[in-house]
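Colleague: At position 245 of the sequence shown (counting the first as 1) the number is 245 in the UniProt record's numbering, and the numbers step up by one without a gap.
Wrong hints could be hidden among the right ones.
[To be verified] In the DMTMM-like style, the derived pairs of lysine to aspartate or glutamate whose C-alpha atoms are separated by at most 20 Å in a straight line are:
(1) 128 with 157
(2) 128 with 187
(3) 75 with 114
(4) 276 with 224
If you are wondering where the hints come from, they were derived from the structure by calculation, not from laboratory data.
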Amino acid sequence: MASVFSKLLTGRNASLFLATVGTGALTTGYLLNLQNLCAEARGQHRLFPPSADYPDLRKHNNCMAECLTPAIYAKLRNKVTPNGYTLDQCIQTGVDNPGHPFIKTVGMVAGDEESYEVFADLFDPVIKLRHNGYDPRVMKHPTDLDASKITQGQFDEHYVLSSRVRTGRSIRGLSLPPACTRAERREVENVAITALEGLKGDLAGRYYRLSEMTEQDQQRLIDDHFLFDKPVSPLLTCAGMARDWPDARGIWHNYDKTFLIWINEEDHTRVISMEKGGNMKRVFERFCRGLKEVRCYQRFLNIH
Numbered sequence: 001m002a003s004v005f006s007k008l009l010t011g012r013n014a015s016l017f018l019a020t021v022g023t024g025a026l027t028t029g030y031l032l033n034l035q036n037l038c039a040e041a042r043g044q045h046r047l048f049p050p051s052a053d054y055p056d057l058r059k060h061n062n063c064m065a066e067c068l069t070p071a072i073y074a075k076l077r078n079k080v081t082p083n084g085y086t087l088d089q090c091i092q093t094g095v096d097n098p099g100h101p102f103i104k105t106v107g108m109v110a111g112d113e114e115s116y117e118v119f120a121d122l123f124d125p126v127i128k129l130r131h132n133g134y135d136p137r138v139m140k141h142p143t144d145l146d147a148s149k150i151t152q153g154q155f156d157e158h159y160v161l162s163s164r165v166r167t168g169r170s171i172r173g174l175s176l177p178p179a180c181t182r183a184e185r186r187e188v189e190n191v192a193i194t195a196l197e198g199l200k201g202d203l204a205g206r207y208y209r210l211s212e213m214t215e216q217d218q219q220r221l222i223d224d225h226f227l228f229d230k231p232v233s234p235l236l237t238c239a240g241m242a243r244d245w246p247d248a249r250g251i252w253h254n255y256d257k258t259f260l261i262w263i264n265e266e267d268h269t270r271v272i273s274m275e276k277g278g279n280m281k282r283v284f285e286r287f288c289r290g291l292k293e294v295r296c297y298q299r300f301l302n303i304h
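Work out the full structure: start from the sequences and follow the hints.
Modeller: Put into structure tokens, the structure is as follows:
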């Protein structure tokens, strides 16, 4: 059985699960299952050539449709990530939702961290198109969580009613929401709750499971604008984001209602710092401190 688990948090909506496994048979069985899964997926595709499977994207307006070519599809169609995720699963939401002539969506999702590498020939140009030329092959997005470098950050409250800073974080080793199993989703919840229970002082708070929430708690969270709903957008449902709802979904917030974590919404976690008024510097300071405090419990590692 696994004796040591080390879970790290990454800002790329990606996952790595580090474990020390004491039983060789368990490891062997796991690898054999993955090999069988990959072989099965490749075998199914060999029945038809890639050209017969290529989606009709002539009326589509999304980044995936703009970047995907028959050559890229032929190269990637039979590839499978270690978790069993395929190219067709990545692009299905973009195939099912052509988009609007004036609104260009992304058109694809990643099922796990390895999706970004296995299907890099498509993900890289899509990311570059979506993010105004950012090329993940040669560029690295800088991260600076030193709030002391902010010298201004106070906005006129006649014009700014509230301020917030938000980011998404995912747990390495577990499939991302479009592909995760019920067990993986529940593990995300368990890992997040364990880390958040260690927060002290003004960051201390409590967790509300959507599946166990009372009507009073639900109404209070609605009034506070904290509650998130089951996805109804075809962009999300076609990507598998609403499966098993509301299992292992929930909301954690501090008692001051200024630091909030959504668990298993569109990402494994959404981390939010907010307050009424225009003091963006204070909001960012709390955001940085909250992320660092969680990291101190050696559960999450914040990497972009």
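Colleague: Holds or violated: are the alpha carbons of residue 128 and residue 157 at most 20 Å from each other?
Modeller: Given that 20 Å is the threshold and the Cα spacing comes to 36 Å, the pair is violated.
Colleague: Straight-line Cα separation of residue 276 and residue 224 no greater than 20 Å?
Modeller: With Cα atoms ~12 Å apart, residue 276 and residue 224 stay inside 20 Å; holds.
Colleague: Quickly compare the C-alpha distance for residue 128 and residue 187 to 20 Å and report which way the hint goes.
Modeller: violated, 32 Å
Colleague: Given the hint that residue 75 pairs with residue 114, test it: the Cα-Cα distance must not exceed 20 Å.
Modeller: The hint holds at about 16 Å.
The structure shown violates the earlier hints numbered 1, 2.
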